[in-house]
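Participant: These are the residues of each chain, in order.
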Amino acid sequence: MDKINRRNFLGAGLILGASTLLGKETSKKIITDATGEFVPPVIAFPEKKPMKTISDRPPLLESSRDIFSQAITPNDQFFVRWHMPDIPTYIDLETFRLEIKGSIEKPLALSVDDLKSKFEPVEITSVLQCGGNSRKFYARSGQATHGVQWGHGAMGCAVWKGARLKDILNMAGVKGSAKFVGLNGLEKPAVDETPHFFREMEIDEALSGDIIVAYSMNGEDIPYLNGFPLKLIIPGHFSDSWVKMLSEITVMDEYRKSFFMDVAYTVPDNDCECVVSGGDFEYKRKPITIMKVKSVIGYPTPNTVIKKGSRINVTGVAFDQGKGIKEVMISLDSGKSWSTTTLQKDNGKYAYRQWNYSWEPKAKGEYVIMVRAINRIGNIQPMPDEIGWNAGGYQYNGVDAVNVKIV
Amino acid sequence: MKIKLLIATLLLGTSAVFAQVSKPIEMPYVDYPIAKGDHDEVAQQYCLICHSFGYILNQGQKSRPYWTGTVSKMVNEFKAPIPKEDQQTIINYLVKHYGYESTSGH
Chain X
2 MDKINRRNFL GAGLILGAST LLGKETSKKI ITDATGEFVP PVIAFPEKKP
52 MKTISDRPPL LESSRDIFSQ AITPNDQFFV RWHMPDIPTY IDLETFRLEI
102 KGSIEKPLAL SVDDLKSKFE PVEITSVLQC GGNSRKFYAR SGQATHGVQW
152 GHGAMGCAVW KGARLKDILN MAGVKGSAKF VGLNGLEKPA VDETPHFFRE
202 MEIDEALSGD IIVAYSMNGE DIPYLNGFPL KLIIPGHFSD SWVKMLSEIT
252 VMDEYRKSFF MDVAYTVPDN DCECVVSGGD FEYKRKPITI MKVKSVIGYP
302 TPNTVIKKGS RINVTGVAFD QGKGIKEVMI SLDSGKSWST TTLQKDNGKY
352 AYRQWNYSWE PKAKGEYVIM VRAINRIGNI QPMPDEIGWN AGGYQYNGVD
402 AVNVKIV
Chain H
-19 MKIKLLIATL LLGTSAVFAQ VSKPIEMPYV DYPIAKGDHD EVAQQYCLIC
31 HSFGYILNQG QKSRPYWTGT VSKMVNEFKA PIPKEDQQTI INYLVKHYGY
81 ESTSGH
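Protein chains in written order, with my numbering: chain X, 2 to 408; chain H, -19 to 86.
None of these hints come from the bench; they were simulated from the model. All values derive from a computational prediction rather than experimental measurement. One thing to keep in mind: the hints can contain errors.
Straight line, CA to CA, 20 Å or less: simulated PhoX-like cross-link-like pairs of lysine-lysine [unchecked claim]:
hint, chain 1, residue 1, chain 2, residue 2
1, X, K258, H, K53
2, X, K189, X, K258
3, X, K324, X, K346
4, X, K327, X, K346
5, X, K365, X, K406
6, H, K16, X, K189
7, X, K285, X, K258
8, H, K64, X, K258
9, X, K365, X, K308
10, X, K406, X, K309
11, H, K59, X, K189
12, X, K324, X, K363
Given only the sequences and the hints, what does the whole structure look like? Please build it.
Facilitator: Right, here's the structure in full:
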């Protein structure tokens, strides 16, 4: 037992104690929905409105579907996902430093003020999506997966402001021998031996283009639970490497093997990035990187009851890896026929593109609304029963569907 | 650097939004329902060290191979310090309350 960090073990003990204190032996009923899925409690965390709380420790908070009727996700409704339970709940900006070390000429220890004053500020509007977002829809189409069973609510879109990673690395002076950049933040495991959350990228990627170390989200400080004070932003990529509470950047000559790089967040290294036959881990692995074209419906939400003859504004968001959305099509008859929606303002190639469709249902009954996005290089969302499966349940982008009732 | 631990407080479902950096944030504590019986105390002893019971509830009903695989993943990959016989007790508990008997699948 001495391998467990005592403070965290105390934390766990406290939770056990608490449940006996509070509930005596009453075992609370598990609330499930019509499909038998667990319904998480809806609770307000610091700086957040009440959100679906899949876990309190580490916090896993999912946004509700109606958030997709906005092109920018408000900070207080933005999803939260940590891996490790030991997360600082207080950061003193006087002493907080981002360290740059390893194969560089000049090690740096930058304060948040340094980042704001010594580097050119860059602003970018970008979608932040967990690699496992929408994972539970694999199970809906008959193929269950491992991992946290998110609905669509492990994504959002925000305006990020910060310093370019390349500018920071250039100030430190990357040595010629450097091949990789390692990134980690302040979250820590409860047991020392648990692999730490550590991410890596190739030096060329780190030195190119759009990656920023953000200190601001939608014009405010980044909320604690979204990674205050600094978060790495990799536009167009799934968020597994968007390290929260970023505290160390290590330039390395060699790749360092780690659970969270080599096992988690990987898919089969083939064209479909999916399992064709046999088991997932019989395939050579590749990490998930760029996002796939996707659209989701924000309004109406499932089981909405609509009066016949009323005109409703069906709306949602679409995005891809940064090629740009060409078209979002909508079907009101379970996918038999498709019409085109109106695309709203373009907030940049990495942002949500909101779409709208004005619909006046003429007959009573049950309807299934579906949407399907295509990007400018012709990538199109697959139907849920056509999507390639992987055991980790990553990169789900099947056509979204919402059932409504016209009365 | 001043770091305060994430310690669950007994504020059921409540929380306060504090001005940033002036005070530690206070995390709400969630009392996830845990089925009693079949040595739930063993599952509680080990399965709450690194995360809440929400992780388990969120999986839905799963097969015996799934729970066996998940418990070994916790032990082998994440280094959960669970003795062999307790692992079996936990698997049986999980299959009984959060799963079903089956030799294949999820």
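Participant: Could you run down the list of hints and mark each one as holding or not?
Facilitator: Going down the list of hints, with the structure as the test:
Distance hint between K258(X) and K53(H) is fulfilled; the C-alpha atoms sit about 18 Å from each other, no more than 20 Å. About 18 Å separates the Cα atoms of K189(X) and K258(X), which keeps this hinted pair within 20 Å; it holds. Under the criterion of a C-alpha separation no larger than 20 Å, the hint pairing K324(X) with K346(X) is consistent with the structure, at around 16 Å. A C-alpha spacing of about 13 Å is found between K327(X) and K346(X), which places the hinted pair at or below 20 Å, so the restraint holds.
This hinted pair checks out: K365(X) and K406(X) have alpha carbons roughly 8 Å apart, not beyond 20 Å. With a C-alpha separation of about 31 Å, the suggested pair K16(H) and K189(X) falls outside the 20 Å cut-off, and the hint is violated. Under the criterion of a C-alpha separation no larger than 20 Å, the hint pairing K285(X) with K258(X) is consistent with the structure, at around 15 Å. The straight-line distance between the Cα atoms of K64(H) and K258(X) is roughly 28 Å, outside the 20 Å bound, and the hint therefore fails.
Note on K365(X) and K308(X): the hinted pairing holds, with a Cα-Cα distance of about 8 Å set against a maximum of 20 Å. Between the alpha carbons of K406(X) and K309(X) the distance comes to roughly 9 Å, so the proposed pair stays at or under 20 Å and holds. For the proposed pair K59(H) and K189(X), the alpha carbon gap of about 14 Å is at most 20 Å, so the pair holds. Distance check on the hinted pair: K324(X) and K363(X) sit about 37 Å apart at the alpha-carbon level, beyond 20 Å; violated.
Hint violations for this structure: numbers 6, 8 and 12, all remaining hints satisfied.
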